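Participant: Given chain A, work out where chain B should sit, using these hints.
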Amino acid sequence: MRTLTTLPTTAGIGLRAPHHAEVLLDRPAVAWWEVHSENFFADGGPALDFLRAIRADYPLSLHGVGASLGGVDSLFERHLDRLARLAEIIEPAAISEHLCWSSVGDQHFNDLLPLPSTEAAVVQAVQRIERMQERLQRTLLIENVSSYVQWRAADYSEWDFLVEVARRAGCGILLDVNNIHVSASNHGFDARTYVDAVPPELVGEIHLAGYDQCEDFLVDTHGKRVHPPVWELYEYTLARLGLRPTLIEWDTDIPPLDVLQDEAAHADRYLARIAAVEVADAAL
Amino acid sequence: MPLSEQQQAFGLALRQGADEGFLTRFADDPAVSARRFAAYRRNAWGNWRAALASTYPVIAELVGNASFRALADGYIESQPSHDGDLNAYGAGFAAWLAPHPISAQLPYLAAMAELEWALQCAYFAADPEPFELAALAAVPPERQGELVLRLWPAARLIESPYPLAEIWQAHQMAGEDKMAALARIDLTPGQHHALVLRHGPREVEAVAISPGAAMFWRTCQAEVPLGLALEHALAAEAALDIAALLPRWVEQRVITGFRLP
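Sequences listed follow chains A and B, in order.
The opening residue of the first sequence carries number 1 in the working numbering; numbering runs sequentially from there.
The opening residue of the second sequence carries number 285 in the working numbering; numbering runs sequentially from there.
These aren't lab readings, by the way, just hints derived from the structure by calculation.
This one's a predicted model, so the numbers in the text were calculated from it and none came from an experiment.
Built from N, CA and C at the ideal position, the CB exists for glycine as well.
Misleading hints may appear alongside valid ones.
What the hints assert, rightly or not - In silico contact screen, one side only, chain B against chain A (beta carbon under 8 Å); selected entries: (1) 288; (2) 359; (3) 365; (4) 424.
Stated by the list, open to error - Here are some chain B residues pointing at chain A (derived, C-beta under 10 Å): (5) 291; (6) 316; (7) 371; (8) 461; (9) 465.
Next comes chain A alone, as it looks inside the complex (with noise of 0.2 Å):
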């Protein structure tokens, strides 16, 4: 099996600005960190020192929101110049973007768009994803976003979508378990079916995050704690899937590092579980 990332199979934590003196000071226990790469998009000054220290003592993983490897757009070339510089720099143990799109034309909406399940989707985006490991010279993995609206125009299924896309373009799958309880939810269909679609030698890495409940759907926006059926729906897809790098991420309303460790830590016990599991196995 390909490499997908060099990542440790346990609980990491999305390091973000909040947080950023207290890392750099405490240097905590927490197995790895993953940033957004689109934030250290500089050609040197604070920000890039800040993550050559932490990439010294942690591995790091660069997580990207920009790079829109849906869209029709011009800005793409420039966008990935940017990332191939800092992964050049930092060099991190994983690199990931979101199949979606973000941008069109000379325009970036700078969020996480759904992507029609089309044929001409699948075409856009493996193009892109080929160039982007061309140009960084390794493998890429791309995660599920979550929706609140679903195109109409489809050949696909979500999860179908998504293993063609990586099946075609020969990459990873970063599965966020949080954005296929949302979209489940959202759309109508049952989460399991789409984890159970997801060929386990695809995923590389796991996500974890919270969502809220706004009228009468449910919006992705990494404020909470993850919530208990979130919790079920991991557990499920570890059992599929065996052990996995696994990031807590937490975006809007920020709290203390230590309700991330917690949660971190809450990860931890259901990889400890599966390893468990693992060793038993093998030993049969």
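Facilitator: This is chain B only, laid out in the frame that chain A set:
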């Protein structure tokens, strides 16, 4: 239907609102899709507002949060984003603010926005070359007048009738200190110069420099040799203490080297 056409329609609705025809593109009932699509609009606009608030904290303090939000929305309406890096979004804010009616009430608002943009650019700019004053002293005295100083390209000199650097520094303080510092600032229009630099490993700042120092900066920037640059600077300000200025600018890492033609 081409993917680009679907994205154009979605993008237009994000910026201007969704109409009935657009909403029929989604699987749900249009009334349901309308509410759900609104979540995307809120999120995108929220991201753009947050980006502007993070780049322009002093502008937000000068006008107050409610007015800042109205200004941000006006900017967002007229200025699409062209970059996947949200830190780039506010690039045109100063130019957009200059002709805005609010600039008639707060005449230094647009210049302060220019200063805050320069601070952000300096924060992300390439590191200056290491340079020590001793290298300058090693040049034979008879040739020192010929040397051309190299300045850090991300350092920005901003000239204004208002003391922008003092105002900016007062806004970095908190509570009573800030009130007292702001009360001490004389807003009578005059000739003021703020130099934006990245001093130390962790922060960017704006410092006030004198008219002679500003003249020296500009002539050096134009690659005028040191001797002639000093003559211009002293003509602008006879009392300029050049013996203190050079070591300070080396320490602040805005003089990053020199060449002898």
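Participant: For every hint, state whether the structure bears it out.
Facilitator: Each hint, compared with the structure:
no., hint, in the structure
1, 288, "holds, 4 Å"
2, 359, "violated, 14 Å"
3, 365, "holds, 4 Å"
4, 424, "violated, 33 Å"
5, 291, "holds, 4 Å"
6, 316, "holds, 8 Å"
7, 371, "holds, 7 Å"
8, 461, "violated, 22 Å"
9, 465, "violated, 25 Å"
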